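Visitor: Spelled out, the chains give:
Number of protein chains: 2
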Amino acid sequence: MHLSNIELYYTSPELIKDDVLILSGDEFHHSVNVMRNSVDDLLYVTNGAGSIFKVQILKVRKNELTARIINLLQFENKLNNIWFCIPILKNPDRLKFAFEKCVELGITNFILFSSNHSISKKAKPEKFQNTLLSAMKQSLRAFLPKILSSGFNDIIELDGSKILFDQNANKKFEGKLDFRKPTYFLFGPEGGFDQTELESVSQENRFSLTENRLRSETAIIKCASLLKI
Amino acid sequence: MHLSNIELYYTSPELIKDDVLILSGDEFHHSVNVMRNSVDDLLYVTNGAGSIFKVQILKVRKNELTARIINLLQFENKLNNIWFCIPILKNPDRLKFAFEKCVELGITNFILFSSNHSISKKAKPEKFQNTLLSAMKQSLRAFLPKILSSGFNDIIELDGSKILFDQNANKKFEGKLDFRKPTYFLFGPEGGFDQTELESVSQENRFSLTENRLRSETAIIKCASLLKI
Chain A
5 MHLSNIELYY TSPELIKDDV LILSGDEFHH SVNVMRNSVD DLLYVTNGAG
55 SIFKVQILKV RKNELTARII NLLQFENKLN NIWFCIPILK NPDRLKFAFE
105 KCVELGITNF ILFSSNHSIS KKAKPEKFQN TLLSAMKQSL RAFLPKILSS
155 GFNDIIELDG SKILFDQNAN KKFEGKLDFR KPTYFLFGPE GGFDQTELES
205 VSQENRFSLT ENRLRSETAI IKCASLLKI
Chain B
5 MHLSNIELYY TSPELIKDDV LILSGDEFHH SVNVMRNSVD DLLYVTNGAG
55 SIFKVQILKV RKNELTARII NLLQFENKLN NIWFCIPILK NPDRLKFAFE
105 KCVELGITNF ILFSSNHSIS KKAKPEKFQN TLLSAMKQSL RAFLPKILSS
155 GFNDIIELDG SKILFDQNAN KKFEGKLDFR KPTYFLFGPE GGFDQTELES
205 VSQENRFSLT ENRLRSETAI IKCASLLKI
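The listed protein sequences derive, respectively, from chains A and B. What the first sequence shows, in the working numbering, is residues 5 to 233, in sequence order. What the second sequence shows, in the working numbering, is residues 5 to 233, in sequence order.
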């Protein structure tokens, strides 16, 4: 099947059994009340875990619909080991935009963190769950993005490589890396990282993205654009 | 001089004579009333034509200030021949965001056009002038972006290469091109180009950016991120 002008729905893996799946909640509402789908119509549904199903509606009830799976596309998450660690930004719209664009560009793992220069210190990752879900469906991707929150130092302690972005770093990031091991990309907030944060990542793992000053969300989106899968 | 944590101002080339320049209007207001600059303070000012001046304030009057140039940085616009042709989008915030990000990433020439699938047909390039100016200053760039408006067919008639982006194109855009000749990058609106528009650019000049569906502004920003200068 060729996916391009379709509408993609999401249902959690627990609502899929053998060749039948259930669509409920907002997804059900959108399909039936907004898009006016009914029995026998064809839909595309992802389980957020690598599959996109082509299904045919069997039954529409008050709050959910049942559909039979008639076809399956299976995807591999090539960026499964990549974690984008995104600082809390002053402007929530810019932060939301960064998440949306990253998901469209294939990033599936996020950590929202408070940096020393972050003006707000309270990470509320749940606020972005809807943005992540919508962007996944919009870009016809089959992996529901994960978002965690953490402190900067806790990220540094995690197993895996750390790559830190800093405008003044000597090396330019080219987007090539070993996608087989866990890698944490650290982006600075408005005003950048402070000296202690900078120095918690070795100099050879600090990169710049352009010679010019970029807003936080621009650096994040440019980096996601450069990843060569 | 090293530019990183500075505030950059803009004044038009006509207000610069020998080693003295004038700052007026919003730029004056921001410097004096918001940033509280006064006589003898140092400022950075671009003429939007490739120069950034370090200046010292000589005199502050009611609506303008005069400053003496004490240092000059000269830049080359490597993307001078590149034109980003951006369709009118339904959502003005997404359009504004696309312009802002492109400027931060170094694009200086824009054509706002109405595509057959554009819902709104009225191009109002002047609405984005402030966004372009702010993004230039924010990213410490020295070229004031130009924005024109045009119809799709008029762009096709212009001298120079045309590169059209389409999700279903066979070739993937890698960011490499000949920066010495005029090149027009054409991006589709929500719903993409129609068949007539697609076919007005030869197949070898049609490129995709990912295998996935991208929103218009995401395709535009990804492309700007990929340009290898």
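Be careful, since some hints might not be right.
[Stated by the list, open to error] Straight-line distance between alpha carbons at most 27 Å, and here's what the computed DSSO-like set of lysine-lysine pairs gives:
(1) Lys232/A / Lys176/A
(2) Lys131/B / Lys180/A
(3) Lys131/B / Lys100/A
(4) Lys94/B / Lys126/B
(5) Lys166/B / Lys232/A
(6) Lys82/B / Lys63/B
(7) Lys100/B / Lys94/A
(8) Lys180/A / Lys58/B
(9) Lys21/B / Lys100/B
(10) Lys175/A / Lys166/B
(11) Lys100/B / Lys100/A
(12) Lys66/A / Lys100/A
(13) Lys58/B / Lys82/B
(14) Lys94/A / Lys131/B
(15) Lys82/A / Lys94/B
(16) Lys94/A / Lys21/A
(17) Lys150/A / Lys100/A
(18) Lys166/B / Lys131/A
(19) Lys94/B / Lys100/A
(20) Lys166/A / Lys126/A
(21) Lys58/B / Lys82/A
Hints were generated in silico from the structure; no laboratory data involved. Bear in mind the structure is a predicted one, so any value in this text is a computation, not a measurement.
Visitor: Between the alpha carbons of Lys94/A and Lys21/A, is the straight-line distance 27 Å or under?
Guide: violated (44 Å)
Visitor: Tell me if the straight-line CA distance from Lys66/A to Lys100/A falls inside 27 Å.
Guide: violated (33 Å)
Visitor: Quick one, are Lys232/A and Lys176/A close enough, alpha carbons at most 27 Å?
Guide: Judged against 27 Å, a Cα distance of about 15 Å means the pair holds.
Visitor: With a cut-off of 27 Å on the C-alpha distance, tell me whether Lys131/B and Lys100/A pass.
Guide: With a Cα-Cα distance of about 23 Å, the restraint between Lys131/B and Lys100/A holds, given a limit of 27 Å.
Visitor: What's the verdict on Lys166/B and Lys131/A, does the C-alpha distance respect the 27 Å limit or exceed it?
Guide: Outside the cut-off at roughly 41 Å; violated.
Visitor: Between the alpha carbons of Lys94/B and Lys100/A, is the straight-line distance 27 Å or under?
Guide: Cα-Cα ~19 Å, so holds.
Visitor: Mind checking the alpha carbons of Lys58/B and Lys82/B for me, to see if they're no more than 27 Å apart?
Guide: holds (23 Å)
Visitor: Verify the proposed pairing of Lys100/B with Lys100/A, using a straight-line Cα cut of 27 Å.
Guide: holds (15 Å)
Visitor: Decide if the proposed pair is consistent with the structure: Lys166/A and Lys126/A, CA atoms, cutoff 27 Å inclusive.
Guide: Since the Cα atoms of Lys166/A and Lys126/A sit roughly 23 Å apart, the hinted pair holds (cutoff 27 Å).
Visitor: Within 27 Å, alpha carbon to alpha carbon, are Lys82/A and Lys94/B?
Guide: violated (32 Å)
Visitor: What's the verdict on Lys166/B and Lys232/A, does the C-alpha distance respect the 27 Å limit or exceed it?
Guide: This hinted pair holds, its Cα atoms lying about 25 Å apart.
Visitor: Does Lys166/B sit within 27 Å of Lys175/A, going by the straight-line distance between their CA atoms?
Guide: Violated, at roughly 33 Å.
In summary, the numbered hints that this structure violates are 2, 6, 8, 9, 10, 12, 15, 16, 18, 21.
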